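Engineer: Assembling the complex is the task here: the two chains are given apart, and the hints tell you how they should meet.
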Amino acid sequence: MENLIIKLKKFKEIQPDWEYSQHSKRVILATPLIEKLKIFRGIVPDVVFSRNCRLAILSQPEKISLWNWRLALTMAGLLMVLITGGWLNYSRPNLVAINLNTQALEGDLQNLNINIQLAKIEYYQQSQETVSLALQEISENQANHLDSSILESEKNQLKENSASPGENIDDLLNQILL
Amino acid sequence: MKKFSTYLIFVFIFNLAAANWVLADSSTTLQAVQEDTQNLINIKDQENTTSTLDKKTEIAVRLEVFNKVLDFSLNETQDIISQLNNLNNLATSSKSDLRNQLLDKFQGFVEFYSEQKANLASTTTEIDLAGLKKLAQDFKDWRAQNYLPIFETATDFLLLNQQKTILGIAEKRYQKISSDIYKLKKANLTGTDRLENYLNQADISLKEAKGLWQKAEDEFSTSTSSIKGLISDSLNKIKETYQIFIEMSNFVKKLLK
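Sequence order for the protein chains is A and B. For what it's worth, our numbering labels the leading residue of the first sequence as 1, then goes sequentially. For what it's worth, our numbering labels the leading residue of the second sequence as 179, then goes sequentially.
Bound-form chain B, shown alone (with noise of 0.2 Å):
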């Protein structure tokens, strides 16, 4: 048991570790508007406490999280473009279709981002505060008119078909080791009974992972709210049935000892 903890907590450092490293270019860029912000912050508290305005320093500071923000806008948009290439699964015309459509509205964004930053760099030099205050109410207002709905339309999208081919890699193992447990049976190994107890729970986890997915799928096509919290519940009963199948591989080493 002790073995199989040690086991179980390296492959999940190992995964967390992976998830640093596949986000890290986006968390880089989202940790500095995370920073420049919290400078801004730090920045207007002092003038409130002091009333001393230095308004050269506020307009810079306030540029730069701008720019930031274009930045990690860009970054992000780009990530969801490469992600919708990625998808392998989709089975019928109206996904493809729809996949198709993400696309376009994303390459879109790319060039609104762009040129949002072509022309912040134009107006650099001559740009006034409330100009600048102006602007980003403006880009606020068509980030949240535009493109937050298609962005949790998109992710939830990515989502869901991820999970798809997770549900699948998990149902196969699952066949592939009622086979094996059969097998053992069949030789009349002693021990089988609780390896099929095990093999039962896996069945049950596995069942409600696909029935979580199925629920989100469900919901994507019928409702506009997020189907997020259903993936993340699907996920963990993916990592709960292979939790389980690594405990029956330490029981039936011990077997066969």
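Isolated chain A, as found in the complex (with noise of 0.2 Å):
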């Protein structure tokens, strides 16, 4: 194939010698070849033969257009919607308030403790009390003043008297040793 080429290109330097020459302008020059082209316009083909063309040319695949309406006005729209919706997720977060979101106040509550130190303010008056209770009961011989339900009365009721712990404990216990 590529040898055909080759060989093909030195044709176009085939040139016609100079007698052939001269003879070949003599002769268009004896002849009316200007009228006889002119001959050529009223040349129509027939009718089989347009239709045929015309089929073929209609039945092409249409060619597809560098400028579409439907695209841009597609992407127009597309990019319109991803100025905007990255300007509100721009905006938005940052508003929300990271310090209000739920993880947050959930590390702060873990962090505070709240219920252990209220549980650790009531262990540390019932603890006294209990250990006072226990002393009680090996120092002492009698039991039916030491009676729990009648302690946990008196305890109650007590509290409700007395503003300060550690004076209940001392009341309580001066109650028990009468």
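If you are wondering where the hints come from, they were derived from the structure by calculation, not from laboratory data. Treat the numbers as computed from the prediction; the structure is a model and nothing was measured. Idealized CB from N, CA, C, for every residue including glycine. Keep in mind that the hints are not guaranteed to be accurate.
As the list claims (entries may be wrong) - Distance ranges between label pairs, derived from CB positions:
id	chain 1	residue 1	chain 2	residue 2	range
1	B	434	A	59	51 to 61 Å
2	A	78	B	433	20 to 30 Å
3	B	375	A	83	34 to 44 Å
4	A	83	B	374	40 to 50 Å
5	A	71	B	349	25 to 35 Å
Structural biologist: What follows is the structure in structure tokens.
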């Protein structure tokens, strides 16, 4: 294939010899060529050929134009959505307040240990009452005055009447000892 | 609102579970004291009704209760020492000095309780009921005179300074939330008026918590009465403040949906 192209290219260099050129020129100038060429204007294709040609042309796929209005409008719309959406996304999360989100508050509540502190306060008071009662039981003989239900009701009564837990314990112990 | 309540319940249950876990060691020994004391009361009741006296059993049970009291006292003392060492917000030297004095006292208590335990172990076989009763009475008197006043001071001091840390965290959160509300208002978001109302409520609650803490701080320096009630009230005010913050969080979520 490559050889053939090289060979064909070589034909470009073929030149007619001088005699042939002169002969051709004379023949052309001697012939009413223009008149003959004008005759070709009257040539028309026959009906069948015309119809076949039209059908062949119409059945060709439409060429895609580089400029498509529908595509351009879609792209423009998409761009608008991206710009406005981007702006909203940029502005809102900053406003949503990281400091008010559930995780931040939950983290704080765990660090604060509010219930642990409240339980401690109750525990400190309860533990001293328990130890005092235990030591009282070891050092005393009488048990009928130390019935747990009686002690419980007396303790509650004292709690209502006194503001200080320390005073409660002392009063309770005094009552038991008397 | 339902979602908020569920969340709040979850958080508080979690904290309560954590409280039980943190106090587990001391609670276990305290529970042992309670159980053995109850056992002793039952035995005494039985003796009173049947008039039969089993001295050996009685001594053994009383010894058991005494041992449990000492175990509990040791645990409690070591817990206080650990908490005192963990305090890291003592701004003044007088507070640091007080912490060091308390640490010295509690180290002394650990030694005293350990000695008592050793004495009790060595006298187990020989001790009679009267001797044991006297030992318990002496210990009770010593405890009332020496331990309890220092224990009250130490626990008040701990609660006061731990509450200071809690107030600091809550105030920081309030300031951050205020700045968020300002941003929302600047963006002309509808509903910011309601958020500002919430914020005012939180501010009032937080100021009350701080006021109660301040009162406790003043009373701690000037009076001998316990400040635990004031700290407890201050804690409950912080709880209220966070309840408002969580309501705000839910409201903001709805606004920005």
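Engineer: Are the hints correct? Go through all of them and say.
Structural biologist: Hint-by-hint comparison with the structure:
no.: 1; hint: 434/B - 59/A: 51 to 61 Å; in the structure: holds, 59 Å
no.: 2; hint: 78/A - 433/B: 20 to 30 Å; in the structure: holds, 29 Å
no.: 3; hint: 375/B - 83/A: 34 to 44 Å; in the structure: holds, 36 Å
no.: 4; hint: 83/A - 374/B: 40 to 50 Å; in the structure: violated, 32 Å
no.: 5; hint: 71/A - 349/B: 25 to 35 Å; in the structure: violated, 58 Å
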